[in-house]
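The chain contents come next:
2 protein chains.
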Amino acid sequence: MEHRLEAEVTLSGALPPNVPATEVVPRAASEAIAHTIGKRGEGRLVEWKLEGDLLRVVFESSGPRPHQALLAFVRRLGEELGRSARVGVRTFRATRYRTEFALDAEPKAPITLPMAHELTVVGKVATLSLIGLSEEGLRDNWMDRAVALVQEKVRRQAYEGKEQYWSQITASAPREHTFHADPTEEMLKRQWVRSGPTKGKWYLGPNAAHLMRTMERIAVEEVLRPLAFQEVVQPHHDSFDILLRTGHLEGLPGEFYYVAEPKTRDPAAWERFTDLVKITRQVPEDELARMVAPPSAVSCYAQCPTTYWWLSGRTLATDTLPLKIFDRAAVSNRYESGGRHGLERVDEFHRIEPVFLGAPEDLVALRERLLERYRHVFDDLLELEWRTAWVTPFYMQQSGKVGVEDSQTRVKGTIDFEAYLPYRGTREDSEWLEFQNLSIVGEKYTKAFSIKSQKGELWSGCTGIGLERWLTAFLAQKGLDAAGWPDGFRRYAGDLPTGVHFL
Amino acid sequence: MEHRLEAEVTLSGALPPNVPATEVVPRAASEAIAHTIGKRGEGRLVEWKLEGDLLRVVFESSGPRPHQALLAFVRRLGEELGRSARVGVRTFRATRYRTEFALDAEPKAPITLPMAHELTVVGKVATLSLIGLSEEGLRDNWMDRAVALVQEKVRRQAYEGKEQYWSQITASAPREHTFHADPTEEMLKRQWVRSGPTKGKWYLGPNAAHLMRTMERIAVEEVLRPLAFQEVVQPHHDSFDILLRTGHLEGLPGEFYYVAEPKTRDPAAWERFTDLVKITRQVPEDELARMVAPPSAVSCYAQCPTTYWWLSGRTLATDTLPLKIFDRAAVSNRYESGGRHGLERVDEFHRIEPVFLGAPEDLVALRERLLERYRHVFDDLLELEWRTAWVTPFYMQQSGKVGVEDSQTRVKGTIDFEAYLPYRGTREDSEWLEFQNLSIVGEKYTKAFSIKSQKGELWSGCTGIGLERWLTAFLAQKGLDAAGWPDGFRRYAGDLPTGVHFL
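Same order as they appear, the protein sequences are chains A and B.
So the first sequence is numbered by numbering that gives the first Met the number 0: it starts at 0 and just counts up by one.
So the second sequence is numbered by numbering that gives the first Met the number 0: it starts at 0 and just counts up by one.
Looking at chain A on its own, in the form it has when it is part of the complex (with noise of 0.2 Å):
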């Protein structure tokens, strides 16, 4: 059979002569084995001994994995024991679990896990074996996580390099373009902005600051008024629970800003750590990594776990759907290392998160809505070049939950918009800038945190908004001087500030 497990056990002690193992053990076992694989595979208690209180076991199985079985077959001897013999399980874990599983394609390159294992591949098909797994690992199903990452790491050494899935769904005309600098340098020029006191981000004076309020203006009184999505102020901390139930934190973890709380409030407890502020005016690292607990969250990456996390547990009313929320609050924070580039790509940025939840059917109207409503915007307000994609990690093409329809049929799935920068090159040769997207992903997160509708199915979407981008857009094609902005947007504009005048 595909599955071997090899476990002890240890009872709390040996059993007296009148509680026969011979009859207790292989019971326990077959009942296990009926109440958790059944008719959906074979399995079997291959070997076992008993000497003192250690108990070894060998269950094997094909169909489902067996350490179910081995689970049922621990609380049935508990039980039985307890009663006939006063003698109780202490504790059980796996010395060896051995699965069999098919792979998507032939390993390219050695596949690691974090945890002491054997892992063989002939072909398509993959032997793992788990050694020494604690009892927290067989209750909490590691076998069959650790099966799914190896599986994961072998489709992504496939995809490796591949471009992510992406399909034009509309392309607004072509536009003239008479300003071709790059936008933030135009901006530190007249000192408009100025690069920050950390990592990626941005101090913005009063001209870039405005012009910055205008965009989100525009995006709340043109888009998100109109659709009757209402505000909503939400904490811009995101904590690591939250994060495990999204996936993100096993998705991202070198993009967050950590955050960590001090290990105390308590000033005298702090005390060698001011008195050396004070002395040497320089941070004293020791003292403080004494001082300050490990990080707990991570500053807001993504806004709509944190709204997930609001509606947790809750039923929503069929009268208030499909629900429509938006939060500005929570300013976003990735560490792009490598990749920051003027305004366009930060560490720091200013998003407004709408999120819906609704009936499918519902949800796919919004977003026709929504993409009116964003047209109306990018052509008539911000006359801009832009265009959108259907776009797609490679995972989500391989595993078939997409394909290649058109707006109108398709269900799941990311729009991009993409706004081409002339500054960067033309427009057929250079990298357009993402500045906006719009999701509708299905129950993944409603079901996550266990949100629910009064009736039917509850599905979800967001479509972020990032201000920096919508105004590096705009300003990468019609330049730093109102007289090439178009009406639409001077109108919401309105007269720039005086701005700050240094000598």
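Read the hints as simulated data drawn from the structure, not as lab findings.
Treat the hints with caution; some may be incorrect.
If chains are identical, the list can't say which one is meant, so a pair holds when it fits in one copy or spans any two.
[To be verified] Okay, derived cross-link-like pairs now, PhoX-like style, lysine-lysine, Cα gap no bigger than 20 Å in a straight line:
id, residue 1, residue 2
1, K161, K443
2, K411, K446
3, K446, K277
4, K262, K198
Put chain B on the given structure of chain A with help from the hints.
Same frame as chain A, but now just chain B:
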């Protein structure tokens, strides 16, 4: 003499016979003393001894402390020996540096310092010896700062438990209050807010968010726009360097949320972490500690430091003064620990921070205009029961920096705005809520950040508007039902959102 500095100077080699130390050392010392102490006090080289490449010297002085004399001595000695004997100074340190100084009071408890030292106090005279002070410590005036720290600690002991200075300036007429509940409790009952996923942070649903944004609009449209404040957008991480310059890092390290960067963004380096998360669905703390750098910044505590940084090293043109700006982008954090209560005292809050820079007389005039506008808002629109008071920490009182004058003649200082919260008890006996302040801080920050004006003195001030505090003060007096709200506020609030309906 009251100061004595015993030092060791290590030369790059022994002196050749033709360069007699008996001439060089005393001459360099007397020149150094004349240059650094001169007529401001007395100084002499009281002992010296050269053995091989090790020169021991002892300086004593009265008046100025002798470490500047030692630094000048070492420089001259190095120059002279380099020229005459091709011998340089490798390094130097104080083996023992003793000083005598006066205290404001006799200490009530032992005084600690975070370095090797001896401290004795007789009456109000302290004698402090630092043992083994490095070259850096000598160059960087650690002795002067250690003396100031001892004096500060004695002063703090003397005033421990004393209230801060508080002197009422104005008070609105008492108002009749029909609402006596804790507004946060009421908002929780109506599901307008949810206590956040991390400590002391709140998620505001549509109704609460709408009311807080209404407060923001009132502040901007009734106070800031009429006085021609210009908006900026500032980063929400404060660098350690900035907080060292403002003094915040030595003042409040136990109240910060610290920010730490990943050591790398490279997914391969994070693979063990992500694998463990995928298999165990837990945060592997040791692995995280290995991958995250020590804290290098804090989540915004106060907004004004970063605004001063923005202007650092710049000279403001006369036509731009007084410069009036405000930020509302940075979200503020304070680790409140035991002090948390509802939306009144939180770990995360939203504050508009207006900052102003200009000539002292212009800032005093601006303060009067700000007070007028605030009065209009709190009396006419919000119809609050509120008062203002001068407040000053004890150590400013002690140093005689402030007296008890009225706001017309008073120049530097902080005015607190306080609102009566009926649910806390009677207006006479309960603690009122500080919901606003207004400070003129003189040259403290313009000097620290080298900000200059085209001509004359440049002072600064700020007036933080805490939106959660405005909201709580208002709701605590007027309740959560629009029927109880004054017309002025209702006009601004408009229609309330439909909110979210849970089953």
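Right, here's what the structure says about each hint:
Within a single copy, K161 and K443 get their C-alpha atoms no closer than 25 Å, and across copies no closer than 57 Å, so neither meets the 20 Å cut-off. For the identical chains of this complex, K411 and K446 are intra-copy neighbours only, at 15 Å inside a copy versus 57 Å across copies, given an alpha-carbon limit of 20 Å. Taking identical chains as interchangeable, the C-alpha atoms of K446 and K277 lie at most 20 Å apart only when they sit on different chains, with a minimum of 18 Å there against 52 Å within one chain. Taking the shortest Cα distances, K262 and K198 sit within 20 Å of each other only across copies (13 Å), while inside one copy they are farther apart (26 Å).
In summary, the structure is inconsistent with hint 1 from the numbered list given earlier, while agreeing with all the others.
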